[in-house]
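Protein chains: 2
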Amino acid sequence: MVYDILDETTIVPYLLSIDIVQRFFGTNNLKASEIGDGNLNYVYIVRAVDEPEKALIVKQAVPYLRIAGDGYPLSRERMTYEIRSLQIYNELISDNVPDVLYADEAMSIVVMHYLAEHIIMREGMIDAVVYPNFAAHMGEFLAQTLFKTSSLYLKSTAKRQMMGQFVGNSELCALTETFVFTAPYMEHETNEIDPLIETEAKALREDNDFKTAMLALKYRFMNQSDALLHGDLHTGSIMINTEETFVIDSEFAFYGPFGFDIGALIGNLVMSWVSHFERSKDTAYQAWILETVIALYATFETRFLALWKSTEQSALVEKGFIDAEGLNAYQKTFMHNILQESIGFAGAKISRRQLGIAGVADIRGIEEPESRARAEKMALSIGIHLVKNYRSMTSIHDLTDYLKEMK
Amino acid sequence: MVYDILDETTIVPYLLSIDIVQRFFGTNNLKASEIGDGNLNYVYIVRAVDEPEKALIVKQAVPYLRIAGDGYPLSRERMTYEIRSLQIYNELISDNVPDVLYADEAMSIVVMHYLAEHIIMREGMIDAVVYPNFAAHMGEFLAQTLFKTSSLYLKSTAKRQMMGQFVGNSELCALTETFVFTAPYMEHETNEIDPLIETEAKALREDNDFKTAMLALKYRFMNQSDALLHGDLHTGSIMINTEETFVIDSEFAFYGPFGFDIGALIGNLVMSWVSHFERSKDTAYQAWILETVIALYATFETRFLALWKSTEQSALVEKGFIDAEGLNAYQKTFMHNILQESIGFAGAKISRRQLGIAGVADIRGIEEPESRARAEKMALSIGIHLVKNYRSMTSIHDLTDYLKEMK
Numbered sequence: 115m116v117y118d119i120l121d122e123t124t125i126v127p128y129l130l131s132i133d134i135v136q137r138f139f140g141t142n143n144l145k146a147s148e149i150g151d152g153n154l155n156y157v158y159i160v161r162a163v164d165e166p167e168k169a170l171i172v173k174q175a176v177p178y179l180r181i182a183g184d185g186y187p188l189s190r191e192r193m194t195y196e197i198r199s200l201q202i203y204n205e206l207i208s209d210n211v212p213d214v215l216y217a218d219e220a221m222s223i224v225v226m227h228y229l230a231e232h233i234i235m236r237e238g239m240i241d242a243v244v245y246p247n248f249a250a251h252m253g254e255f256l257a258q259t260l261f262k263t264s265s266l267y268l269k270s271t272a273k274r275q276m277m278g279q280f281v282g283n284s285e286l287c288a289l290t291e292t293f294v295f296t297a298p299y300m301e302h303e304t305n306e307i308d309p310l311i312e313t314e315a316k317a318l319r320e321d322n323d324f325k326t327a328m329l330a331l332k333y334r335f336m337n338q339s340d341a342l343l344h345g346d347l348h349t350g351s352i353m354i355n356t357e358e359t360f361v362i363d364s365e366f367a368f369y370g371p372f373g374f375d376i377g378a379l380i381g382n383l384v385m386s387w388v389s390h391f392e393r394s395k396d397t398a399y400q401a402w403i404l405e406t407v408i409a410l411y412a413t414f415e416t417r418f419l420a421l422w423k424s425t426e427q428s429a430l431v432e433k434g435f436i437d438a439e440g441l442n443a444y445q446k447t448f449m450h451n452i453l454q455e456s457i458g459f460a461g462a463k464i465s466r467r468q469l470g471i472a473g474v475a476d477i478r479g480i481e482e483p484e485s486r487a488r489a490e491k492m493a494l495s496i497g498i499h500l501v502k503n504y505r506s507m508t509s510i511h512d513l514t515d516y517l518k519e520m521k
Numbered sequence: 115m116v117y118d119i120l121d122e123t124t125i126v127p128y129l130l131s132i133d134i135v136q137r138f139f140g141t142n143n144l145k146a147s148e149i150g151d152g153n154l155n156y157v158y159i160v161r162a163v164d165e166p167e168k169a170l171i172v173k174q175a176v177p178y179l180r181i182a183g184d185g186y187p188l189s190r191e192r193m194t195y196e197i198r199s200l201q202i203y204n205e206l207i208s209d210n211v212p213d214v215l216y217a218d219e220a221m222s223i224v225v226m227h228y229l230a231e232h233i234i235m236r237e238g239m240i241d242a243v244v245y246p247n248f249a250a251h252m253g254e255f256l257a258q259t260l261f262k263t264s265s266l267y268l269k270s271t272a273k274r275q276m277m278g279q280f281v282g283n284s285e286l287c288a289l290t291e292t293f294v295f296t297a298p299y300m301e302h303e304t305n306e307i308d309p310l311i312e313t314e315a316k317a318l319r320e321d322n323d324f325k326t327a328m329l330a331l332k333y334r335f336m337n338q339s340d341a342l343l344h345g346d347l348h349t350g351s352i353m354i355n356t357e358e359t360f361v362i363d364s365e366f367a368f369y370g371p372f373g374f375d376i377g378a379l380i381g382n383l384v385m386s387w388v389s390h391f392e393r394s395k396d397t398a399y400q401a402w403i404l405e406t407v408i409a410l411y412a413t414f415e416t417r418f419l420a421l422w423k424s425t426e427q428s429a430l431v432e433k434g435f436i437d438a439e440g441l442n443a444y445q446k447t448f449m450h451n452i453l454q455e456s457i458g459f460a461g462a463k464i465s466r467r468q469l470g471i472a473g474v475a476d477i478r479g480i481e482e483p484e485s486r487a488r489a490e491k492m493a494l495s496i497g498i499h500l501v502k503n504y505r506s507m508t509s510i511h512d513l514t515d516y517l518k519e520m521k
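Chains as they are written, first to last, in my numbering: chain A, 115 to 521; chain B, 115 to 521.
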């Protein structure tokens with residue numbers, strides 16, 4: 115199929131031309147509505163008119179940034195990487211990603227089951243909703259997706275082949291390189307800095323200790339090809355309810371450092387924790403968030419190690435190369451490094467959200483300016499601390515203990 | 115052109131069908147002779163019968179390991195990576211790679227200028243020949259090729275595009291993973307262990323400190339995508355005379371850690387140094403080798419940093435992100451890491467050559483068994499020391515000082 119931008123009208127005949135979609139609906143009487151909440155892409159919900167609970171999500175990438183218009187070109191091939199990563203995730207941990215009914219790389223389209231009973235996690239956390247299964251689900255998701263796409267599990271050729279499927283996603287990697295690791299800490303036209311924290315922002319622009327640490331993290335992001343990452347795993351990329359957890363929006367997928375997805379999630383949990391000093395002032399909810407950070411990391415670590423210990427042969431560790439005692443020692447150092455790196459990336463994610471183009475609603479959405487500025491300052495000081503000190507952290511409790519002592 | 119294996123007869127009409135080759139010779143009267151010294155490929159010298167000084171080298175990869183026959187399949191696409199890397203090297207530092215007259219990825223063929231007045235460096239070093247320009251040439255080669263294919267120089271997209279050209283070279287990477295980092299240190303059918311050093315080999319197979327350090331080096335080789343590497347840069351991949359230095363045989367090219375090519379070269383120089391305790395017993399030659407290790411590394415480091423300091427803008431360091439003082443501090447840590455990693459990889463290269471399938475002629479070619487075993491033991495103990503202790507090295511002199519104290 116030749117690429118063509120669809121709209122609410124043309125999308126219906128397009129879908130009806132796909133057997134599996136037609137069988138899903140069992141009728142030709144469909145209605146498409148643009149949801150319109152995507153920054154990058156067009157997203158439609160398509161329903162059977164006579165049975166509106168029969169619904170699918172259709173997402174199409176356009177060759178520009180949807181929110182900014184066609185004056186801001188952005189390669190639509192980003193959808194290719196979302197499709198490929200979704201397919202891999204579906205094989206590895208299907209309970210935590212939407213079912214993909216149909217995908218078309220040439221049309222930059224993916225058709226997925228509609229998640230009717232779930233909301234964006236960030237919105238739930240703004241309302242102080244507890245998600246009791248989140249830590250277990252996402253700890254497992256991180257362990258499965260990171261371990262099973264790495265050279266700790268795959269054969270050498272299989273790992274390089276999978277890497278080859280994502281090495282072309284350079285445009286979205288470059289966005290992260292600019293907007294997470296660079297622009298927020300220098301004079302840059304895209305920054306959006308609250309005038310009430312300009313003093314702190316200026317001090318950071320002159321802080322070489324922070325900048326050299328940030329360069330080291332950016333260097334790892336660019337050159338460390340540990341595993342297939344989601345690449346943008348914040349609480350806005352998770353659809354959730356108290357039972358289920360789904361990861362969406364993986365167009366940033368690429369081979370990068372283990373700690374990046376973990377750090378993104380932890381960083382966003384920490385920002386929610388900060389926001390509730392100003393929003394709900396619900397200390398029980400904040401305590402749940404810190405327990406969740408610990409449980410998320412503990413689940414990831416336990417499951418990742420369990421997968422490793424049950425893998426007799428991989429590209430890295432050939433069967434018979436090393437005995438259990440030696441492997442244990444190697445794993446200990448290895449996991450220690452993932453922990454530190456995760457905390458470093460969490461710090462980068464927190465810092466950039468206070469100064470750069472894309473703030474988080476948890477904090478930027480606080481209406482009262484002084485209150486918002488207090489949250490921004492607190493988050494920024496946490497981010498800076500983590501970026502500068504992640505190499506001295508030895509346990510996830512070092513992070514939560516540091517946070518508990520902040521007040 | 116459809117792939118077809120050529121021979122001494124069919125190669126002439128093939129070459130005459132290529133305009134640039136025909137113009138080079140200016141005659142149809144050519145004679146091809148197989149050189150027959152390639153382990154992997156067929157290599158021919160083709161001369162004009164009436165002007166035999168007009169000569170080209172033609173190298174064709176076959177879909178198996180040439181030395182072992184078609185029972186040992188090996189993808190002929192390795193030639194694709196040799197061609198691509200040669201073309202990049204020709205752009206970056208044309209004085210130190212053969213001129214490529216013609217290349218054909220579909221035929222797995224490359225046609226290069228013949229280096230009539232140069233020999234394989236390993237053979238020269240066995241005969242204790244001094245190469246006064248080697249350190250300057252190869253230090254520059256390493257600086258140019260490593261710096262200018264990295265994210266310290268290229269834009270983000272350009273670097274990922276170049277990486278994409280080599281990510282498919284998984285078969286040859288897997289050979290290195292097995293034969294450099296794994297098999298020599300475990301029971302493995304491919305090992306070739308001198309019975310006179312079986313005690314040392316056995317002790318190493320039980321040495322977990324060595325094995326965990328080797329896993330860390332192997333992990334970096336597999337997952338660190340710093341720069342385009344030659345991938346097999348030993349003294350057998352260098353054609354040399356006292357004036358000129360040419361790098362050949364880059365079919366192992368891939369994106370890997372900065373220190374790997376540097377370490378391969380240093381490791382091979384150190385093995386030559388070891389061999390001359392038994393071969394020439396020429397202490398002046400050995401002193402030249404150690405001076406060359408220092409000069410090679412110093413040239414690399416000086417030139418790499420000079421290239422970096424003259425680069426105002428790269429994927430990693432955006433113009434205006436950090437001031438000179440901050441960048442200096444970052445560069446110091448960065449270069450320190452390259453030094454240590456290079457010494458670690460040197461240790462891996464030295465160790466594997468004593469135990470694994472591919473020994474070096476410098477040492478394995480020593481005829482008297484006791485003498486050969488002394489050299490093997492000395493080299494192995496050096497390799498082990500470097501693999502275990504590279505993280506404590508702070509200067510290239512730490513390596514040469516350690517060597518000088520060995521006797």
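Take these hints with a grain of salt, some might be off.
Because identical chains cannot be distinguished in the list, a pair is counted as satisfied if it fits within a single copy or across any two copies.
As the list claims (entries may be wrong) - Calculated pairs, EDC-like style, for lysine to aspartate or glutamate (alpha carbon to alpha carbon, straight line, at most 20 Å): (1) K518 to E254; (2) K491 to E358; (3) K316 to E303; (4) K433 to E301.
Calculated from the structure, these hints are not laboratory results.
Would you pick out the hints that fail for this structure and give their numbers low to high? The structure breaks hints 1, 2; every other hint is satisfied.
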